[in-house]
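Heads up: the sequence shown begins at 5 in the numbering used here, then just goes up one per residue.
Just so you know, these hints were derived from the structure itself, not from any lab.
It cannot be assumed that every hint is accurate.
[Claimed, not checked] Here are the computed distance ranges between Cβ atoms for each label pair:
id, residue 1, residue 2, range
1, Asp201, Asp22, 31 to 39 Å
2, Tyr380, Asn27, 28 to 36 Å
3, Asp6, Ala165, 51 to 59 Å
4, Gly90, Ser161, 28 to 36 Å
Idealized CB from N, CA, C, for every residue including glycine.
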Amino acid sequence: MDTNVRICMFGGFNLYIDNDCKNAGILKSKKGMSLLQYIILKHDTAVPNYRLIELLWPNEESSNPENALKTLVSRFRALLNQCCEGLGSCIEASRGGYRFVQLPGMTVDIFEFEDICQQLHSVTAFTAENRALYQRALTLYAGDLLSTAEQDEWVVSASVALHGKYMKLVYDYLDFLKKAEEYNSIIQTCRFALENDAFDERLHLELMNALVKTNRNNEALMQYKHVTNLHFRYLGVKPPEGIQQFYKQIIQAGSSLEMNLDSMREELREYGDVSGAFECEYAVFREIYNLQMRNLERFGTNMYLAMIMVSSMDGETIEPLRLDDIMKGLAAILKERLRKGDTFTHFSPSQFALLLPTVTDETSHMVIERIKRYFYQRYPNSNVMFSYRVGPLNPSQPQEEPDAGATRRKKGSTAKEKPHTIK
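Model the full assembly from the supplied sequences, consistent with the hints where possible.
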């Protein structure tokens, strides 16, 4: 076979003959494609006929399954030969089964990837040759194994194993780059790898850290907000603790200005001219909470903590994209209708936490009731319920009972608030 044949399994199956994609010719046989993909993954050994029959005709009875398999192989070989003369011989009969044969001039991406993984196993020196191998491996991994195919069990198990090898290569490469302080390469590598694992905590942390190291703090902040939105919208949870903590490092990463009194005053003035309540990330909210607790003890003043939750009236889970839209609308209401001294944060996908200074038991309730009124004006007849709980930070003060969107606590209740703990 004089032509160059390239078989790609990462990111979906693709067959190239001299850089010309020939998928259309072989996609006519779904079972033939599955057979070829399976024996490629099992290329170290011949796959018995009975295993291929179980794979291709599950829960099907046939009077002559062996003959059906032979017919399938014969027809699929013919399709391969139409793509490239002699290509069908890559499916070879062997000892009561079939095996894949890598023909001359043929490359298979997963074979090359695994060879590189073996070469880079336990390397300790970051040579130019090793750098090239890392870069080649990361380029080969164009997506999870057969990601566009039906996710049969055999595909999933192989995909998980290869993804694990890929992530180890990425982490090892990043370790070498960090030792060399090549932060721009770290940024490029992390962004490339995040295309294949968008929720990996370490990749996000390494990316944000490299952005801070290169004085690209605004980009680091944008990345933080991006990963926070990913977790809220698609997983319904807050980002991992490590990512939340890194937010403080981003905002504390200062410029190279000499921080004398005049420059600091000017910087504070720039950030002080804002309207509405202060919206912050949860890591900052905790710091404000801890500061206010100290002030309460020192000055004997009081502050109230409120929790607002949005839920469906019928008890069903709100679709993530719709919930995200509602929470953005509620955030806009909070920012506009609360006072400048108030602070709030997105505590969970469906909850906001608020700190309300200089309010009383009665006025704190009035504040949240006003927010609730504006919320229902914005989302009338939406089958969405606005619930809240509000109480003093000082545990010695009386508790406000949970509000279900309509019920208020009766006067004279003796219920007590437990101390609030921000974790």
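Now for the hints, and whether the structure bears them out:
1. Between Asp201 and Asp22 the beta carbon distance is about 33 Å. The supplied range of 31 to 39 Å therefore holds.
2. Distance hint for Tyr380 and Asn27: a CB-CB separation of about 54 Å, inconsistent with the stated range 28 to 36 Å.
3. A C-beta distance of roughly 35 Å is found between Asp6 and Ala165, which places it outside the suggested range of 51 to 59 Å.
4. In this structure the hint that Gly90 and Ser161 lie 28 to 36 Å apart at CB holds, the actual value being about 32 Å.
The earlier numbered hints that this structure contradicts are 2, 3.
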